[in-house]
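Chemist: Input sequences plus hints: build the corresponding full structure.
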Amino acid sequence: MARFVARRLLAMVAVLFAISVITFTIFNVIPNGDPAYRLAGKSPTPDTIRQIRHTWGFDKPVPVQYLKTMEKIFGGSLVSYSQNLNVDDQIVQGIPRTLSLAIGAGVIWMFFAIALGLFTAVRAGRSADRLMTALAMVGVSMPVFWIGALMTYYLGFKAGLFPNGGYVPITKNPIQWAYHLIMPWTALSILFIGVYSRVLRGNLLDTMSEDYVRTARAKGISERRILLRHVLRNSLIPIVTLFGLDFGAVVGGGAILTEKVFDLQGVGQYAAESIAQLDVPPVLAVTMFGAFFIVLLNTVVDIVYAALDPRIRLS
Amino acid sequence: MSTPPSSLAPPILEVRDLAVSFATDQGIVQAVDGVSFDLRAGEILAVVGESGCGKSVTAMTLLGLTRSPNARFAGTATYKGTELIGASDAQLQRIRGEEIAMIFQDPMASLNPVMRIGDQIVEQIQAHEDLPDERAHERAVELLQRVGIPRAKQRAGSYPHEFSGGMRQRVMIALALSCDPSVLIADEPTTALDVTVQAQILQRFRELRDETNAALILVTHDLGVVADVADNVAVMYAGRIVEQGTLDDVFYDPQHPYTWGLLGAITRIDRPRRTRLPTIPGLPPSLANRPQGCHLRPRCPHEHEHCLQSPPLVARVPGEDGHLDRCWLEPERKRRLRELEPGEIGLRPKDVSPTKPTRDAA
Amino acid sequence: MAIDPAAELPSGLDVEEIVALARRDGDKPITGVAPSRLALRRLRRNRGALAFGALFVLLVAMCLAAPLYAKHVAHTDAYENHLTETIKLHGKVTDVVSDSGVAIGPTWHGRFLLGADESGRDIAVRLLYGGRTSLEIGFAAAAITILLGIVFGILAGYLGGWVDMVISRVMDVIWPFPTVLLGVALGTALAVGGLKIGPLEVSGSSLLIPILIIGVIPSPYMARPLRGQVLALREKEFVEAARAQGLGPLRIMFSEILPNLSSTIIVFAPLMVANAILLEAGLSYLGAGVQAPTPSWGTMISVGVDHMVTGPHQAIVPGAMLVLTVLALNIFGDGVRDAFDPRAKVRTVK
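Going down the list, the sequences are from chains A, B and C.
At position 10 of the first sequence (counting the first as 1) the number is 10 in my numbering, and the numbers step up by one without a gap.
Just so we're on the same page, my numbering is the position in the second sequence counted from 1, plus 1000.
Just so we're on the same page, my numbering is the position in the third sequence counted from 1, plus 2000.
By construction, these hints were calculated from the structure, which means they are not laboratory data.
Just so we're clear, the structure is a prediction, and the values are computed from it rather than from any experiment.
Certain hints may be false.
As the list claims (entries may be wrong) - To give an idea of the interface, some chain A residues facing chain B are shown, with a C-beta separation under 10 angstroms as derived from the structure:
(1) G125
(2) D211
(3) A216
(4) G220
(5) I221
(6) S222
(7) R229
(8) R233
(9) I237
(10) L308
(11) R311
Stated by the list, open to error - Using C-beta positions, here's what the derived DEER-type ranges look like:
(12) A:D59 / C:L2324: 51 to 57 angstroms
(13) B:Q1203 / C:E2237: 38 to 44 angstroms
(14) B:R1072 / A:P163: 55 to 61 angstroms
(15) C:W2108 / A:P163: 32 to 38 angstroms
(16) A:R233 / C:V2073: 54 to 60 angstroms
(17) A:Y179 / C:W2108: 38 to 44 angstroms
(18) C:V2102 / A:P163: 20 to 26 angstroms
Here a beta-carbon is modelled for each residue, glycine too, at the ideal position from N, C-alpha and C.
Modeler: So, in structure tokens, the structure goes:
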């Protein structure tokens, strides 16, 4: 176990390094991307440009710039180009919002995906299965920002059922917290419910033809118990991996489209806005933040996986 | 051992004209076609045949394990007055495990990989008896001890992959025995095991029969296993029983050319060793497209004027009333054929041997 | 007895076993049906999938006919604005775009059939032209994904060793990373600066940029399963035989192994196109995909989302068209997958 964690930590460092180098390179090799010109405002003199280059360190070689930036990220002193705001502070502000989105949506999508997966697998091939499968397909085929915009307009703006935008911390008022988040949760979940219920349906059908399910049936236990204790239990194991990856991605700011369309002002939206302004420091920091969560959740997934399946050994 | 221990007792399981077919992409597969047999308490019945002859489907159908929208059933199987083929799900659920228990071929795949084996046994006990967890668990440990698992108390907490093949099969047996069933169905129980373990498992079966007087249906392709433990034998080919009788009837006076072929294919230490074991040439027919008349016809070197008509399963040997077979040849002629070539009664496909042996025409 | 194609056979008796029973034939030569023929037969039986496949073809045809529609029905093009024009509706003269900036909704007339956008452009015309863009990106990007997937999958799977190491590690890093985040970073960077590879220069507004990004990023989803398959194929007898004949690794990889991957590639193709169309929309919404004023479903939805309150039709129309197209592809693709591998696990691409 200790060796496993140590190896994972090492891998995490490697991944973070790779991701940061890639991101840094993308934004440093692009032509016309010289941040000094953008920082200098309208009609800059060559002197101002030189001045800016010097204060921001743009005159140094790229590897040095990279190291300096990394040093600042971990030191908490990195500031953005556009408004000179501390990047780490901005991310920390976004974390509760993004985390709220991820947790709520995660619960909803897993719950409905399991329910729908079971329902369609048990009725495989019948019209109820076809209908629900088609619905799941519609869910996967919709751009999340489109359905989000429709929801804010029809349910929020026109019907006034839910508040449009705004975030209430859970510590302040849990009911308002959920009330304000219910539309983003739903919009984000629709996609994942579609994907997960289909995967689970396939897994369930595969597991149902396993020999041990036949044994369970021959034991004389109820179909319901066979389905839950034997079929579902074993079919959920691969889903856990998928969930870990997707949940990690959302926590890490991957649900950019959802955050933006509902104006959640979480980490993902911060990333999107920084990217649009070619504001390299926040982009770097957010990508590393995201990668950190993805690798972390991956490790958690492997541990949970080993706990769920006794045949797996952590190594 | 020519008669089963209690042949006078009424049968606990009566199977009559059982037929099972499946609809597939490749057409309709007639997996079982008109199978009938009786099973009495304490009897060990071996159902023998090559893979794909319908023996496993027969066994699983008795417990309703082949039910599916693409399966069709005909005939009856009556267990102590209860009809199994048309039984409701609730009826079947009660009978499964408690009255009729099944042991499957591959114990690795047949045990849930993520459940402790103790829990898997407890689950079956509690499905049929209202026992508290502790009592059920104690019972599971006793069962594991009874089938010869050392340190059963600790091993009950292990997962299937932590056992060896033979030990896993013992776990399967313990599982099957956990509710004292009257009928045990074992589908190729020893196929995955090596010979010494196989002998131990078969020994357990005999002992269990003696202890509990349960009846056993042993589904196997291994005639060595049959010779070891069976009282009665049914030989299946292409979905049908082609020969049926006591062990002695079938082994010492085989009536069907297919049985001759099977018997010719086992090693005999009392005969001089041959360089190659005789095998049955050709392959069993597709169950979706079986030959007309006698299903063995394309592989059988012998001929009779009625071969194109399906032979009935009837007693043909005088004095052996329980010995049934599905071959048109007269018993007298068959005896002569067998004497011509003792120990070498293999089957030969017509198109493989360039000249048909003239003695067959005799 | 009719076959219920969707019904599973009883557990423990799997389809292959039953089919094997049916196939075995002692006295007749085995008249095997080629797997692809069998798959085609299965697909032909799946009417739902075929109907959605036909719908997709229809949608593509409609988009291809965009110039015809623009010229002969709407009498305008995708860029012409009619800001100051009026249109007669129910005998009443109405501004195409009102003074307060409200664009006209669906009129069901030749021009402005589906309304106008806030710049007074004909939405129906833009919808069809936008469809051409989105579909072009969808097909081209999917082609790149599949091509890269094949190359990397085969190289990693067949050559093994350090080649496999490098390719697999890179895929490991990209695999879990949010597609949109990576795409938006690349898209923005390239949209600002364009792309310079040697003498080749691509301007920031070129469609090649979204095509490349949307094509490259999902390639691990294609390469990974192919690599797994190649690993298994590498050990097969026919590969051994090819090697024994003295065929070079390139020959073996692309003329011996590649044909055996065709069913996987066919199964993935429609799903990849659907995915690319969705990703175009997402990136365009974030300003990192197709650049204005070029119409695409993604850019049209993005503009529409900003004008939801004054003219929801601007978002609903292109969105509905996109959903219909992607849905048609997904359902058809699902049918193809079922046909090629009736027991396949659903392998989805996020």
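Chemist: Each hint: holds or not?
Modeler: So, going through the hints one by one against the coordinates:
1. With a least beta-carbon distance of about 8 angstroms to chain B, the hint placing G125 (chain A) at the interface is held under the 10 angstroms criterion.
2. With a least beta-carbon distance of about 4 angstroms to chain B, the hint placing D211 (chain A) at the interface is held under the 10 angstroms criterion.
3. At a threshold of 10 angstroms, the smallest CB-CB gap from A216 (chain A) to chain B is about 7 angstroms, leaving the interface hint in force.
4. Annotation: G220 (chain A) was flagged as interfacial toward chain B, and the flag holds, the nearest CB pair being 4 angstroms apart, inside 10 angstroms.
5. A least Cβ separation of about 4 angstroms between I221 (chain A) and chain B falls short of the 10 angstroms threshold, and the interface hint therefore holds.
6. Here the hint on S222 (chain A) is kept, as its CB sits about 7 angstroms from the closest CB of chain B, short of 10 angstroms.
7. Using the Cβ-Cβ criterion of 10 angstroms, the hint placing R229 (chain A) at the interface with chain B is satisfied: the shortest such distance is roughly 7 angstroms.
8. Look at R233 (chain A): its Cβ gets to within about 6 angstroms of chain B, closer than 10 angstroms, so that hint holds up.
9. For I237 (chain A), the shortest C-beta to C-beta distance to chain B is roughly 8 angstroms, which falls under 10 angstroms, so the interface hint holds.
10. The criterion of a C-beta within 10 angstroms of any C-beta in chain B is met by L308 (chain A), whose closest approach is roughly 7 angstroms, and the hint holds.
11. Because the closest C-beta pair between R311 (chain A) and chain B is about 5 angstroms apart, less than 10 angstroms, the hint holds.
12. As the Cβ distance of D59 (chain A) to L2324 (chain C) is approximately 54 angstroms, the hint placing it in 51 to 57 angstroms holds.
13. The hinted window of 38 to 44 angstroms between Q1203 (chain B) and E2237 (chain C) holds, with their beta carbons roughly 42 angstroms apart.
14. For R1072 (chain B) and P163 (chain A), the hinted distance range of 55 to 61 angstroms is satisfied, since their beta carbons lie about 59 angstroms from each other.
15. Separation of W2108 (chain C) from P163 (chain A) is about 36 angstroms and conforms to the stated range, judged on CB atoms against 32 to 38 angstroms.
16. Against the hinted window of 54 to 60 angstroms, the Cβ-Cβ separation of R233 (chain A) and V2073 (chain C) comes to about 59 angstroms, which satisfies the hint.
17. Separation of Y179 (chain A) from W2108 (chain C) is about 40 angstroms and conforms to the stated range, judged on CB atoms against 38 to 44 angstroms.
18. Judged by the Cβ atoms, the range 20 to 26 angstroms given for V2102 (chain C) and P163 (chain A) holds: they are separated by roughly 25 angstroms.
The structure agrees with every numbered hint stated previously.
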